[in-house]
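Undergrad: Residue numbers (my numbering), protein chains in the order written: chain A, 1 to 229; chain F, 1 to 250; chain U, 1 to 251.
Simulated from the structure, these hints should not be mistaken for lab results. Bear in mind that the values here come from a model prediction, so they are computed numbers and not experimental data.
To give an idea of the chain U side of the interface with chain F (calculated C-beta under 10 Å), a few residues: (1) Pro129; (2) Arg154; (3) Met208; (4) Leu209; (5) Ala214.
If you only want the chain U side, here are some residues facing chain A, beta carbon under 10 Å, derived: (6) Gly32; (7) Arg38; (8) Ala111; (9) Leu121; (10) Arg188.
Ideal placement from N, C-alpha and C gives every residue a C-beta, glycine not left out.
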Amino acid sequence: MTASVAMHLSDGVLDASTSVLFGAVAVAWLAVAAARGRIDVDDRTAPLAGLLAAFLFAMQLLNFPVLPGVSGHLYGGALAAILLGPWVGALCLSVVVVIQALLFADGGLTALGANMTNMALLGTAVGFAVALAARGLARRSRAGLLAVAFLAGLVSTVAASAGFVVEYAIGGQADVSLGGLAGVVIGVHAVIGIGEGVITALAVGAIVRVRPDLIYLVRTSETRELVAA
Amino acid sequence: MGGGRVAGVSALDVRGLTYRYPDGTAVLHGIDLHVEPGERVAVLGPNGAGKTTFVLHLNGVLTGTGHIEVAGLPLSPDTMREIRRRVGVVFQDPDDQLFMPTVADDVAFGPANFGVTEPELGERVRAALSAVGMAEHADRSPMHLSEGQRRRVALATVLASDPELLVLDEPSANLEPVARRELAEVLLSLDRTMLMVTHDLPYALQLCPRAVLIDNGVVVADGPTRDLLADADLLAAHRLELPWGFVPQP
Amino acid sequence: MSGGVLYRPGDSPVHRIPPQVKLLAAFAAVLGVVATPREAFWAFGIDLFVVLAVWSVAGVPVGWFARRAVIEAPFVLLAVVLPFVSGGPRVDVLGVAVSQDGLLAGWNILAKGTLGVLIALTLAATTQPRDLVLGLQRLRAPAWFVTIATLMLRYVDVIAGELRRTRIARISRGDDPRFLWQAGAVARGAGTLFLRSYERGERVHRAMLARGWAGHMPAGPAAPVGALRWVAGGSPALVIATAWAVAAWPV
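Throw the hints in and build the complete structure from the sequences for me.
TA: This is the structure we're talking about:
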C-alpha cells in the first residue's frame, strides 16, 4: 500500500541482463494474458478494460489513512484479479505500470519488466489463485467472499514483494544475506498487505451488493452471457 | 458535405421493431416510424419509455426483431458498417462520446474507421469543426471544454462521417441557456435529416416541426409538434409537462 | 489526463523529436547507464553531462528536475543500508567499518537510479502524454495496449473527479477517517466508483461502435522519420552507449 522499496523498483537495483530477462518475462506473460483474455477477439473487452484501468489508476492516486499522519494507497492486484479475472486484470495493471513509468518516472525504465512482473502479473495471478482456491467459500456467503478478498489482497501483496526478492537474488548488486533480505521485505509487505486486504474486501463487498454479475470470480456462465449482450 | 439524397427513398423506415432485454423484459413492442429526407423529428416520451433503446437500434448497437432501413439500405449484419456511417448518433453525455485525447483525434475517429484517409481526413475534421464553430479548439483536450463546447464537438464527431441521418439523445441536457441556444442555431444551420430524443419540449418545438410520442415501447402519437404540445390530456397521460409559464403560441 | 502530468510545453528541438524516437532513445540510454560497470566513475560523469546537455537544449531548468527526482527517495534508503549489511572485506569510512562491496553496490544504485530517473523525467517533461502513447503505437505496441492506454489517460481525470466529489459529499456529512479501520466509507466509495467506471465503459464502447469501432485505434498520419532525425534524436543515447562500451571493454 505505501510507497515501498520493493514496488516500483528504480534503475540500478538489478543488473542489465536481469532487467532485460524480466522484460522478456513480462512481454511473454502479457502475450499469453492477451490471448487467454480474448482481448483482441471481442471488440468490447479493450474499451471496458481502458475504463477499468483508469479506475485502478485513480484508486492508486487516492490515499487511504493507515494511521494518523501515515497514508498509503491501494495497488490493486487482487482487486483487479477478482473483478476482471487474472488475464484482463493483468493487462489493465500492466498499462498502469507502464504509463506511471513513462509519465511520472515512477519506477525505472529498465526495471519496467521487473515492476510489471511483480505488480501487474504476480500480484494478479497469485491474488486470483488464492481467490480461486477459496471460491467455494466465496460463493457460500457475503462474509465468505469478503474473507477471500481480504486473503487475496494480503497474499498478492506478499507475492509481489517476493518477486522482488527473487529478482534481487538473480541480478542484485550487493552480497547481502538473501534470507535476511527476504525476511525484511516480506515481513514489511505482510503488514502492508493487511491494509491492501481490508480495502480489497470492502470494495468487493460494496460491489457484490449492487452488481454481483460484474465480479469475474463469482459470476456464472449465464450471467456472463447477459453481460456480454 | 450534405448527405447524398436519393429521390423517392425515405431517410428512415422502421417497421414492427420489438426488443427484449436478455432477461426477458420487453422494452419495445413494435415501433413504426417513417422519416422523409430533410425532416426534423422530435422523439418524446417519459423516462423508461424505451427512447434510448430505440435509438441504439438505429445503428445496430442493439438488435431486436423488425425491419430498419436507412436511406434505402436495410440493416443487416452485412450492412452494419455502412449503416453506422449513415446514422450519426450524438449520445447524451459528451464525456462518453469524446473518448480520444484531443478534439481533432476524436472527430477523425469515425471517418478513419470508415476508411477515409489523408488528406481528405484532415479536410473532414476541419469542415466538421467549423460547422459547429469549434475549429479553433482542434488541439485541445475535451477535458478543458465547457459542457456546451463538448456537445458541439460531439456533434462534429458524427458530422465528419457525413451521415444521412442525425440522431441526438437529449441534446440540451445540462446546458446553460446560452449554450442551449447556440446549439439550436448550429443544428438549424446543418440542413440535415434529424431525429431528436428529448424531454425539453420547448426545444422540440423550436427545432422539430414534427414529433412522435413513445410510451411503453410503442408510438402513441405522431404529428406536428405544436399539436402534440397543445394536447394537455395526451401529455398528462404520458408524464410529460410543459415548463411552468410556457405557452406554445398558436 | 491533465492533472499532475510532468509535461512542460515547449518547442525545443528535444520537444520536436518524434515520440517513437524519443522512447527508444530513453530506453537505450537508461540501459546503457545500467550496464556500465559500477567502478567506471568517469562514465557516469559523461552520462550526467549528456543529460545536462539535453536539458539545456530542451530549455527545462535543472531545479525542476532536482525537485521531481525525489520520487526516487525510497531507493536512496536501500543504497544507504547496503554498505552496512553486505558481506566481504571491510573498509573504514569516517571511522566506521563498512563493507567495500556494499559501498560500491550502494553507489551503484544511487548513481544509476538517479541517472535513470533523470532520463525518464526528461522524456516525461518534453513529450505530451498522448504522444507517448502514439509513440508506443508506432513502435508496434499491441492494439489492446494502445486502446487501454488511450482510454485510461482520457478518463482517469473524469474518474478522479467523481472520487473527489464523493469525498466532499462524505466530509460534508461529517466523515473524518484517520485510521484504516475508519476508512470503510472510502473503500465502499471505491466499489461505487468501479460500478460507475464499468457503466461508463459500456457507454463509451457503444459510442465507439456507433462510429465504426472495429477493435483498434486509428493511428493517424505518421510522417516517416528520416535516418538523420533518428541519429539526431538518438545521439544522447549513442554517447551514453559509447561510454558504456569503453567502460565495459575488457582490458
